[in-house]
Amino acid sequence: MFEYILLRCINNLKGERSLAGIYNLLAGKRSSQTLQDAHAYQLTGFFAIYKTLDRTELISFVEGLRQSHKITIKNDRPEITSYGHEELKRLEQKWEPLYFAGIHIQEHISVFEERLFLYIQTITNMKAGHQSFLPVSERPDILNWVKSNYKRNKTNLESHTIDMYKELHTLLNAAPQEEAEVFSYRITGAGRIGLSKQQLADKFDLSVHDVHLLLQHSLHRFYQMAEAKPEQWPTLALFVKTVDDTGGLITNSAQKTYKLIKQGLDLESIVRIRGLKMSTIHDHVVEMALVMPDFPMYYFISDKEVTEINNTLQTLNTNKLREIYDALQGNFDYFQIRLVQANRQHSQSGETL
Amino acid sequence: MNDRLLENKLKMYFGFDTFKQGQKEIIRDVMAGEDTLGILPTGSGKSVCYQLPAMITEGITIVVSPLVSLMIDQVKELKANGYKQVTAINSFLSVSQKQQVFDQLSRYKLIYLSPEMLQNETVIRRLKMLKVSFFVVDEAHCISQWGHEFRTDYLKLSTVIAELNHPPVLALSGTATPEVQGDIIKQLGLKRMKQHIYPMDKENISFVVEHVENPDEKLRKISKALHHQDAPAMIYFSSRNWAERASIELSSKMPEKRIAYYHGGMEQADRLLIQQQFMNDQLDIICCTNAFGMGINKKNIRYVIHFHLPTQTESFIQEVGRAGRDGNHSISIVYYSPSDDYLPKKLIQSELPEPAHLKAVLDYLLCLYQANALLPSDEMVQDQLELSENQWRFFKYHFYRNGLLDNKKVVFNEKKWKEFYELLKERIENRYHYKMARFSELLTWVHHRNCRREKLYQAFQDTVKPPVVPCCDQCGFQLHDFSFGESERNTEQESWEERLYKIFLAGGQA
Ligand SMILES: Nc1ncnc2c1ncn2[C@@H]1O[C@H](COP(=O)(O)OP(=O)(O)OP(=O)(O)O)[C@@H](O)[C@H]1O
Ligand SMILES: [Mg+2]
Ligand SMILES: [Zn+2]
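Chain order of the listed sequences is A and B.
Take the first sequence: its letters are residues 66 to 418, numbered as in our numbering.
Take the second sequence: its letters are residues 528 to 1037, numbered as in our numbering.
Chain A with its partners taken away, still in its complex shape (with noise of 0.2 Å):
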């Protein structure tokens, strides 16, 4: 499969990028370029699903392809040759239609990930009266929404594994044999751990690349059917909802600004690292004000300033910083005030995350 998407991107670019740009594709480097590239050369659904990629790895297959004349290389772009076309066709029929949908869905993957291969660990061995077990995600949060989500379901534990069983059997049984079996031996649950990609690779005698590719293009069919039609496939639909911390709603920019503010950095000291103004800076804030479900106010404001401005909110009932700005005698400044409106409008949204 890593072949097939390799020779698909390098037939669609028609040589007019680099290797790097193939890279930053299917890596999933955020940048305007990357994105533009992506909906020029319709590549859209290959957006970040290899974001482990080692670009040493990549750079010595692509040199494989080469070598068995599939594709030329000028100035560093790789062009597609006629034999590497016919190449591509053949392998078009071997694994077309694909279901990746990159630039869509991408930023959901890893938690869809992880909170269901933890999830199906964690019901299929209380199922079997396995009460302690070395969980598969070390991640807080995901522990948190598993068990959360168990609870919420542990009364009709044997219905609902029955369920989730049904939805996994019909959507693999429609998926190439091979897809099935790397996705069902992925699995940790009751009595079972699951194999790590090299284990897969060695026992179906796959690459390690097809490996994460097959387990991605599973993960991306499943959430695109949970997320489509949930009445069908209620049990996957579970993990579609939610997202992470910043419910996943904030740009990549905004989450490096955000990671440094969990680090314990002032604003002044992120102005630097990031080398951003320190305007933008404000910008992520908001954003992050208004998107958060517990957003930490108190590291930037006190509660004392945000009831005074929050006051003046109210009373004047308007939208325009500049009257606010005003009425506050100058005690504000704008950021001050936008951040209090933010956090409001958040709450106000009652839109739970």
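Hints are supplied without guarantee of correctness; some may be wrong.
[What the hints assert, rightly or not] Output of the computed footprint for chain B on chain A, the stretches with three or more beta carbons under 8 Å from beta carbons of chain B:
| no. | segment |
| --- | --- |
| 1 | 134-142 |
| 2 | 223-236 |
| 3 | 249-258 |
| 4 | 333-345 |
Note that these hints are calculated values from the structure, not bench results.
Ideal Cβ positions, reconstructed from N, Cα and C, are used throughout, including at glycine.
Fit chain B with the ligands to the supplied structure of chain A, relying on the hints for placement.
Chain B with the ligands only, in chain A's frame:
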């Protein structure tokens, strides 16, 4: 509290009938409010020494532990056993999760903390509001720069202890030479510590060293040794590459064995799976670097094999301590070839920074100073300067000690910095010689002509207990005609549908 009562509590909370060596003595001192130092071999049950007092005393117990994964394991284990008043605070928690824990801090009796969390003033402030009955320093050798896992964060513990009004302190370690023991006491700033030092030697391990010509011979010997017996084995390598390569070669030499590799360069999910397969007896042999091991409480490991030696005796003892936690016979084998010497040398070099690094780091600090910025997280600095964790740790320690850093703020003084540069260059060299000397000690052991058990523990204690298993190759133990025995194994393959069915609908039956 009398012994009978303590034993009742042990039974009640842990289900054990009797205390293991040293536990009762340490617990008695801790409960009497004494500052206590406990040195007990790996896997001998140090955790109970603070968990039991924490459970039966009013107030909370703080446990400082160096490895987040270790901490999480302990909490998991306690919770799995039905004890809920326990939590771990570390940098993996999100801001809101931390907040949640802090808001309910008084609900807990046992709180595990990573040392860097204690640098945080909010954390200290919160802890000060509680009644701290015991302050526990686990893996206390981390506080000593002579120990094998020096952590600069540990050096601040004495300040924290003072800030918390000096609750009784319990410092625990499994591998500390007398030199390191003295250093622990000194660095914690505790004059009158009750000391409970127990011998480190394990009666149920046989030691073997085999001298070979080259790596291929090692692989041949390993497969000969492990063939035809049911015996979980760990094989230690000094590089990721070797761990992978050996696992492939050994698999082809012993196709009936289930072998996998494990190292720090793997994806997190894969690491967890491999670890659990091993715990679950789904793997026979694991080829690993020292990233594996810490916190692995698998009881039936029969062989710990060193394909490569670690860089010092303490690490070796700790790695060997993974074997035979069930008390049954287990074997340590070292395969040594003369060309191996350069590997630890390379390792030591990679752990220590070079003078060029020193320059780059000082430049970086100067930039921070000029920008009036605070020191970012360790992760960021390491990334930026391309330093290993150990290298950055080393620098940070010296920056703080020499006043170039104060509470994440850079303090600049040109003359002092110049002096510091010279001083540190010399330190690096000294440190290198020190580490090389420690490695030579281990090599001496490899070439030793008398009892290996006595020699191995010599730096730690005067005598060793008579072993309950064959002692060592020098005392007549022969590896080549030894086997733990073998039974039939079902090697039937499952189809993907069968596997899915069994996991979901058949309760995981075979
Ligand atoms: N009194 C006891 N009786 C029987 N088993 C015990 C007793 N105390 C502890 N154990 C068991 O001994 C094992 C090792 O305990 P523990 O993890 O506390 O060791 P440790 O000394 O901290 O090891 P390490 O040096 O690896 O940290 C555990 O499985 C524990 O349940
Ligand atoms: Mg311990
Ligand atoms: Zn001996």
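Do the hints match the structure? See the list:
no.: 1; hint: 134-142; verdict: violated (count 0)
no.: 2; hint: 223-236; verdict: holds (count 6)
no.: 3; hint: 249-258; verdict: holds (count 9)
no.: 4; hint: 333-345; verdict: holds (count 4)
In the structure shown, a violation is registered for the earlier hint numbered 1 alone.
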